[in-house]
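Asker: Work out the full structure: start from the sequences and follow the hints.
Going by my numbering, the residue at position 80 of the sequence shown is 80; the numbering climbs one at a time, nothing skipped.
Think of the hints as simulated: they come from the structure by calculation, not from any bench. Quick reminder that beta carbons are idealized off the backbone N, C-alpha and C, glycines included. Keep in mind that the hints are not guaranteed to be accurate.
[As the list claims (entries may be wrong)] Computed beta-carbon distance windows for the label pairs:
hint : residue 1 : residue 2 : range
1    : THR45     : ASP84     : 43 to 53 Å
2    : GLY178    : SER39     : 40 to 50 Å
3    : ARG141    : GLN3      : 20 to 30 Å
4    : GLU149    : VAL120    : 14 to 24 Å
5    : PRO140    : GLY178    : 33 to 43 Å
6    : PRO117    : GLU7      : 31 to 41 Å
7    : ARG9      : GLY166    : 42 to 52 Å
8    : THR6      : ASP162    : 46 to 56 Å
9    : ARG26     : ASP172    : 36 to 46 Å
10   : ARG13     : SER39     : 19 to 29 Å
[Unchecked claim] Cross-link-like lysine-lysine pairs, in silico, DSS-like; alpha carbons within 25 Å at most:
hint : residue 1 : residue 2
11   : LYS81     : LYS49
12   : LYS90     : LYS109
13   : LYS109    : LYS81
14   : LYS109    : LYS121
15   : LYS90     : LYS121
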Amino acid sequence: MTQSDTEDRQAFREAADGLLRGDFSRLSPLFEDQKSRESPCPILTWFEKGWFDTEPAALHEALTCACFLGQTGIVAFLLEKGVDPLRGSKTGSNGFHWAAGRGQLDTVKLLIEHRVPLEVKNMYGGTVLGTAVWSAIHEPRIDHFNIIEALLRAGARIEATDYPSGDPRVDDLLRRYGETF
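Answerer: In structure tokens, the structure reads:
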């Protein structure tokens, strides 16, 4: 094994450990294409090399991290390869919760298209919609309102949210999608 291979394996090991710890913000460079644009990001390179084969928990967290970061292309790739979007929840939330909470609209739409269950609860007892509503109130991002609407259109259960939320715009949207709470 060359020094470069050894360094790459060490970087993978550190990344896998970081994924399992939930160091998602710190790991964001691993989810970005290399500067040359000719080589994919390290996460996809390592996937293609089969290095995640012996690290399935880290692979599931990689999908969750990609959702957290709004790396929709990587999410799509991993879903197409059969990575289970519900298994990466060592942080207490799966990728769908993170995408909704962090305002990652394109990623949320992709997960809806892949029919990822909406009513799975995170460690706080919140569904994806509940997470989106909470985040819209407490950690607002530009696309939260659109995410809430996309989740409601997809059939998310309104009664899983804290209603009234305290935000007139959110409450009006929730009211329009269901009259009983």
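Asker: If a hint holds in the structure, say so; if it does not, say that too.
Answerer: These are the hints, each one checked on the structure:
1. THR45 x ASP84: 43 to 53 Å: For ASP84 against THR45, whose Cβ atoms are near 21 Å apart, the range 43 to 53 Å is violated.
2. GLY178 x SER39: 40 to 50 Å: Between GLY178 and SER39, where Cβ atoms are some 48 Å apart, the hint holds.
3. ARG141 x GLN3: 20 to 30 Å: Between ARG141 and GLN3, where Cβ atoms are some 42 Å apart, the hint is violated.
4. GLU149 x VAL120: 14 to 24 Å: Distance hint for GLU149, VAL120 holds at roughly 20 Å.
5. PRO140 x GLY178: 33 to 43 Å: 22 Å, violated
6. PRO117 x GLU7: 31 to 41 Å: 40 Å, holds
7. ARG9 x GLY166: 42 to 52 Å: 50 Å, holds
8. THR6 x ASP162: 46 to 56 Å: 51 Å, holds
9. ARG26 x ASP172: 36 to 46 Å: 38 Å, holds
10. ARG13 x SER39: 19 to 29 Å: The hint (19 to 29 Å, Cβ to Cβ) holds, given that ARG13 and SER39 are roughly 20 Å apart.
11. LYS81 x LYS49: Holds - the C-alpha atoms of LYS49 and LYS81 are around 14 Å apart, at most 25 Å.
12. LYS90 x LYS109: Cα-Cα ~23 Å, so holds.
13. LYS109 x LYS81: At roughly 18 Å apart (the allowed maximum being 25 Å), LYS81 and LYS109 satisfy the hint.
14. LYS109 x LYS121: OK: LYS109 and LYS121 at ~19 Å, within 25 Å.
15. LYS90 x LYS121: Given pair LYS90, LYS121 holds - Cα atoms ~13 Å apart, limit 25 Å.
Checked against the numbered hints given earlier, the structure breaks hints 1, 3 and 5 and satisfies all the rest.
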